[in-house]
Each structure stands twice: as structure tokens, then as C-alpha cells.
Amino acid sequence: MHVSYEVKAGDFSNAGNVSSTVKSLMKQLGIAPQDVKRIIVALYEAEVNVVAHSYGGTISCEIDPETVDVVVADTGPGIPNLDLAMTEGYSTATPEVREMGFGAGMGLSNIRKNADTLTIDTGANQPTNIYMHFSLVEGAHHA
Amino acid sequence: MTLQEVVEVVDGTVLCGEESLTRVVQLGFASDLMSDVLTLLEDDILLITGLSNNQAIRTAEMSDILQILFVRNKKPTKTMVDLAKEHNITIITTPYSMFRASGLLFSHGLKPVY
Numbered sequence: 026m027h028v029s030y031e032v033k034a035g036d037f038s039n040a041g042n043v044s045s046t047v048k049s050l051m052k053q054l055g056i057a058p059q060d061v062k063r064i065i066v067a068l069y070e071a072e073v074n075v076v077a078h079s080y081g082g083t084i085s086c087e088i089d090p091e092t093v094d095v096v097v098a099d100t101g102p103g104i105p106n107l108d109l110a111m112t113e114g115y116s117t118a119t120p121e122v123r124e125m126g127f128g129a130g131m132g133l134s135n136i137r138k139n140a141d142t143l144t145i146d147t148g149a150n151q152p153t154n155i156y157m158h159f160s161l162v163e164g165a166h167h168a
Numbered sequence: 100m101t102l103q104e105v106v107e108v109v110d111g112t113v114l115c116g117e118e119s120l121t122r123v124v125q126l127g128f129a130s131d132l133m134s135d136v137l138t139l140l141e142d143d144i145l146l147i148t149g150l151s152n153n154q155a156i157r158t159a160e161m162s163d164i165l166q167i168l169f170v171r172n173k174k175p176t177k178t179m180v181d182l183a184k185e186h187n188i189t190i191i192t193t194p195y196s197m198f199r200a201s202g203l204l205f206s207h208g209l210k211p212v213y
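Protein chains in written order, with my numbering: chain A, 26 to 168; chain B, 100 to 213.
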């Protein structure tokens, strides 16, 4: 099953709507709760990043019986130094993002911790594409 | 301890989820930083926070947390309460500080996550 959603830049009041929708879908598909949790935590962190740091983008999920692949693609402005951005505690977040309860420099490392594999294509003044792959513990019963 | 006991210990007010006050919660976690909350593996948690915005509710939803205690007399908006109701999350508010509320709940048996 393939689903795709748009995420608007700066729309803080709706940050999390896509993750919430995907979570409901995964529960309906019978994915095990421990898999749902780690997928959704990673997705939610990524969704907040798109809202907080990008010009906007899309979230696509491919849900299969044994695996879930998530692609979070924005239109820029990109991450100039990915190694630095992956460092826990490093952040370029605005005060507005910090007021949301984020911006402590934990998002990307939290995504890395929850995903089985994580690939990030980015660079200064480029789009950022985040690929997350998850192998399901028990499989999705209805995907 | 039950959520009803939580309410009594912190002189709290229940904004939604009254039907769940008999639910037992074992663990407490106090934070205004939602990324910290998102690192927790446990589900059976009372989230104690002074962060009163939609992301507090969303973070609880994503983390399978079913009860939030807002400290320092924070007043969640109607949108937040509606979102909490949608996901069966109980919201309690207290006039106490995060430190006082956490200390009282700890002394009454609520355990730390770590």
C-alpha cells in the first residue's frame, strides 16, 4: 500500500497531522504496536523537521507485509553539514520551534535510533530526501 | 497509582478523560522537551509538562501516552482538549510547579522512567 501526503512549511499548528493519519492506518493494517511506535516516532520527528526547517515537502509511505519504507522529501534549503546535524545537541532551530518543545538537536539521532536503515541525501541549497526502512517484527496482517 | 489519586495529590482539575480516572499509571516523566519524551520506549507513563500546545498532545499520541498533567496552571486550548479526546488522552491540570507536582507524585509511589 502506498500513501503520500503534503507537509506545509511553518504550519506549526498542524505539525503531526500526517504522522497521526499514518499511525491510524498502520493500526488498521494490524502492524505490531512496537513497530508502529518506532515508525511513528521517527516519522513525527521528520515531519516536525519539514515544518520547522524546510520550504515544505511530501511524506510517502510504502507499507508491505514485511517492511515499511518512508520517504520524507522537501524542496530545500538543505543541510550544509550533515555530520554536524546528526550530532545530538546540535540545532539550528528558531525560538518558534523551541516553543513547540523541539529544537534540542535530537530529531535526526532519534530517527536514526528508530529506523533499521536511514539514508539522507542533502546539501547546501539542495532538497533533503530522507529514506527510512523498517523491517516489521511480526509483519502487517492486512497490508 | 490511579489517575484519581494523581488528581488528589496535585490538587488537580480534570479537563477530559474523566471516565479513565480508575486507570493505573506506574511511571512518571517530567519534561518540556518533546524530543526527550519521544525517546521513551515505555507506554505506561504520566507525562508531566508545562508545554501547553498542540505538540504536547501530538507527542503523547505518537508515544502511546494516555495521560498528561499540565503544571503551573497552564490552560490547554479547546483544540488541544478536542485532540486529546479524539485519542482517549486524559488531561489533568495543577496549579503546582513541575518540581512540586513531581516530588509529591514520587513520594506517593509514582516511579521514574529511569
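Don't read these hints as lab results, they were simulated from the structure. Take these hints with a grain of salt, some might be off.
[To be verified] Under 7 angstroms between C-beta atoms, here's a sample of chain A residues computed to sit facing chain B:
id : residue
1  : 66
2  : 131
3  : 135
[What the hints assert, rightly or not] For lysine to aspartate or glutamate, the following DMTMM-like pairs were computed, each having C-alpha atoms within a straight-line distance of at most 20 angstroms:
id : chain 1 : residue 1 : chain 2 : residue 2
4  : B       : 184       : B       : 163
5  : A       : 138       : B       : 104
6  : B       : 177       : A       : 36
7  : A       : 138       : B       : 185
8  : A       : 52        : A       : 94
9  : B       : 174       : A       : 94
10 : B       : 177       : B       : 104
11 : B       : 210       : B       : 104
12 : B       : 177       : A       : 124
13 : A       : 52        : B       : 143
14 : B       : 210       : B       : 118
15 : A       : 52        : B       : 185
We treat Cβ as the ideally placed atom computed from N, Cα and C, and that holds for glycine.
Query raised in the report: In ascending order, which of the hints set out earlier in this document are inconsistent with the structure?
Result: 5, 7, 9, 10, 14
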